[in-house]
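As you go down the protein sequences, you meet chains S and E in turn. Taking the working numbering, the leading residue of the first sequence gets 5, the next gets one more, and so forth. Taking the working numbering, the leading residue of the second sequence gets 5, the next gets one more, and so forth.
FYI, nobody ran anything at the bench for these hints, they're computed from the structure. Please note: incorrect hints may appear among the correct ones.
Copies of one chain are not kept apart here, so a pair can be met inside one copy or by any two copies together.
With a Cα cut of at most 27 Å, we get these calculated BS3-like pairs of lysine-lysine [what the hints assert, rightly or not]:
(1) Lys71 with Lys52
(2) Lys139 with Lys75
(3) Lys139 with Lys60
(4) Lys75 with Lys45
(5) Lys49 with Lys139
(6) Lys72 with Lys139
(7) Lys100 with Lys75
(8) Lys60 with Lys100
2 protein chains.
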Amino acid sequence: MATPSMEDYLERIYKLIDEKGYARVSDIAEGLEVHPSSVTKMIQKLDKDNYLIYEKYRGLMLTPKGKKMGKRLVDRHQLLENFLTTIGVQEDNIYKDVEGIEHHLSWDSITCIETLLEYFRREPSRMDELMNVRKDLEADN
Amino acid sequence: MATPSMEDYLERIYKLIDEKGYARVSDIAEGLEVHPSSVTKMIQKLDKDNYLIYEKYRGLMLTPKGKKMGKRLVDRHQLLENFLTTIGVQEDNIYKDVEGIEHHLSWDSITCIETLLEYFRREPSRMDELMNVRKDLEADN
DNA sequence: TGCTTGGTGTAGCCATTGCTTTATTTCCCC
DNA sequence: GGGGAAATAAAGCAATGGCTACACCAAGCA
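Please model the complete structure; the sequences and the hints are all you need to start from.
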């Protein structure tokens, strides 16, 4: 299984390839705010675990396994952002919270949160009702 | 600020005191599945950070700060368990997931999840509707 | 009283995870 | 072919927390 940091790298790589068609060491490093040498090292680890195929100085390609996992990770991240937004968490807390929890939820939990979001999406008035509850609770203090 | 591990200890200690009136090193160690020496070390750290007052061989007492934080941590844990249960996560995933995310959510997020739970509590039929969404989504596959 | 014993405390060590620094290598393009 | 940007290798460091081994205290019993 992948460590949290491996997931961060894989997520970033998937996104870069998705957006620009390729993922360079320096882009990955910049995105994650680490030094290039850290990226090289992690890429080698990801290669060893068959998430990607890596050729020194030549670049990398995600394997099917890597693509699949990358997509899941990116989707998961997005889902969690949507979830926190939906329930009313402040913008400035969302990124850090997602960053913190995304690596620690089972896919079962992810699926359930997905369902919950769909629940609110289907009937937007439900969010209004949620906000009413919020106002009630705030009034209690 | 407290590290994840410090929070685990504080949570455990608060619970022990709440249930038995005191918290012995060996009980804490057993609860967290670590060796007693690790507990002593952490207790000293918690003392240094004013979460508790510690006297060698004599036991410990939570300070007001420690009590307040301990209660928050225990409540937070419970809240997250309830949340995952409510949205339909399987029993066997809940503990590990909560264990994983509890240290990584802002109090803003916690409050919002609290509101969400209250939303379902007020009108239990909402959970039925949530389960209907779930069935729909499952049928799609 | 004094000894035994179980619970505690101390010190030093180890593992994991990642990151940095520094020095070197490779590629690409002029 | 040479220069510079990018990438890599090697070594080391820092934070976190856990463990082992051994020393120590204190309560209860003989």
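Hint by hint, which ones does this structure get wrong, listed from lowest number up? 3, 5 and 8
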